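Got chain C; can you put chain Y on it based on the hints?
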Amino acid sequence: MLRVESISYKLNNRPLLKDISFSIRPGEMVALLGSNGAGKSTLMRLLSGERKPDTGRIMLYGDDLAAYNRKILATRRAYLQQHNPISMAFTVREVVMMGRYGFKSGSSAKNDQTALLETMELCGLTDLADRSMLSLSGGEQQRVHLARVLAQLWDNKDAVLLLDEPTNNMDLQFQHQTLAIAAAMAKKGYMIVVVLHEVNLAAQYASRIIILKDGRKWWDGTPVQVLTPQHIYTAFGIHAQAYTDQSSLKTVIVPKEIKLDAAKFNSNLQVLHQPVYKLKTTETDELINLQSVKI
Amino acid sequence: MKRTVIYTCLSTGLLVSICFSLALGAMRIPLKEVIDTLTHTVGFTVFGGTDHGINEGVIMMIRLPRTLMGVLVGAALGISGAAIQGIFRNPLAEPSLVGISAGASLMAVLIIAFETLLFSSLSQVMGYYLLAFGAFAGAGFTAMLVYNLSKVNGQANVSTMLLAGIAINAMAGALTGLVTYLADEQKLRSITFWMMGSLGGATWQNVSCLFPFVLIPVIGLPFLSRGLNLFAIGESQVELIGLNPNRIKILVVVLATMAVGASVAVSGIIGFIGLLIPHLTRLLGGVDHRFVLPVSALMGALVLTLADMVSRLIVQPIELPIGVVTALMGTPIFLYILIKDKKKLVN
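Same order as they appear, the protein sequences are chains C and Y.
Counting from 1, one number per residue, gives the positions in the first sequence under the UniProt record's numbering.
Counting from 1, one number per residue, gives the positions in the second sequence under the UniProt record's numbering.
Bound conformation, chain C alone (with noise of 0.2 Å):
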């Protein structure tokens, strides 16, 4: 059970967070979306307990997240984050078995050993487990860390998994074998919170869905109930049509195509068109023609 009770967090005086509460059940696989700079990564900031609340708290299984042992958390939590750099040459296997690294009491070898093999399948790097995290793809880095925070919660579901934007870079497939996993993992028992921005994975895996902007929940509920046209002209600025997929029942989000015209954006371009350059040949003339033609 994870309780979040009206927390509110600033940076450098600029409010990011305000008054947010809401509470995740045991089994729930919640989508948090919003436009850039809505607050989401700033609240999984704050539900990882990486930064704590200027002001409110926030409860996991009972406990304040603040006054958690470190040791404890580490297997009651796990933390995807939004960027992974990497500066040495670890293998694929190596990374993922750091999510184990806090166990070194406690857990015995064995679990390590089924928590590695069995994450690194799921996660499509059975074949890659020899190679160097630098050889790989971002989306196959993505996944690698994906595995490692599955592996440090492969043993406990009283855990909450917090993925931010799991499935950067990642193709179609393993965006929606990410998903997968994850609703899988919440059907168990975990809960999950997920930050995504394509609406149609959060409408298709997500069972609640919460939306931010400029820092505060505007709506929480069901997809069905969340997701329409106006909630995300409201949150994202885009005109969409919603519909409800007849053979699932989900919802199905289908944003307008946006129409520009380039020249009234680039000014650049206009010049091309005014006539007084055409009357010269001078040497900028021809650049500009050559510019032209490149375009």
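Treat the hints as calculated values from the structure; they're not laboratory data.
Misleading hints may appear alongside valid ones.
[Said to hold, decoys possible] Derived lysine-lysine pairs resembling DSS-like cross-links, with alpha carbons at most 27 Å apart:
hint, chain 1, residue 1, chain 2, residue 2
1, Y, K2, C, K52
2, Y, K249, C, K52
3, C, K10, Y, K151
4, C, K71, Y, K2
5, C, K110, Y, K249
6, C, K110, C, K217
7, C, K187, C, K10
8, C, K259, C, K71
9, C, K110, C, K157
Just so it is clear, the structure is predicted and the values come from calculations on it, not from any experiment.
Using the frame of chain C, we list chain Y on its own:
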């Protein structure tokens, strides 16, 4: 399996090169006599004959302390180089490059120059330990300074780190130069020795002083290798996985600078070992610090013993400063890393 082979090869190599280091020099001593003298000192005989007269004296009084100093300094520089690179998350962070050695040598030079003025009573009590502690303090201070200077938004930034290193090296160089103007003839000679790096000053006295300063980090640092591995995926990850990042950072800096500081105090600045050795180790068997740290210590000991042999033999009977030899070996490898990883290093 592969790692067992590496451990075995390096240990054997180290033992063999120690024996050769004792045998070779201005005066050649047969290997048989070297082994004989060593085993006799420990308390049993292998080849029977025990009385080798002057040869035994050369080995026990001159070559053995020098060789042991090479082993200790090499191990210290190798392991601390690997640990510091782990904390900085960068294969270019090397004690002499980022100014840690310069900080240590500046403190050492200051202590030599002002010993009689300020520390006379203290140095009588503490002897060589004063120099070692002073160098340790200088190294620790510069390490923390460079680390904090190089952090941008909580991440150690490579270019800032190297620039901070340049600044500190220049500052320490200028201050050391200033001190040399104030120092008298005899002190000048010991100061010059610091700048070049040499194992020539080895005696049983300073080897025994160096010993604990190297032993503690060589035993202690490998216990922090899981934490160092986590630093490679980000300082914030250490905390998330349940380890204490600040404790790891402080322990690594204290242990690594302890080894660097004491090495600088007895042998001056020997550059590039801290860069070269961890890099070679990673090429051999991967980047996991549980492997890199102990093997860097072993390989550092081996390479410095060999480098010392080269410095003694190449232009006999004169000996080259060992810093020259290690720089000649290290610079091409440094350039090789630069060319190979050019893109990776600039974040």
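Inset, instruction - Starting from the hint list further up, note which numbers the structure goes against and sort them upward. - result: Those not satisfied are hints 1, 4, 5, 6, 7 and 8.
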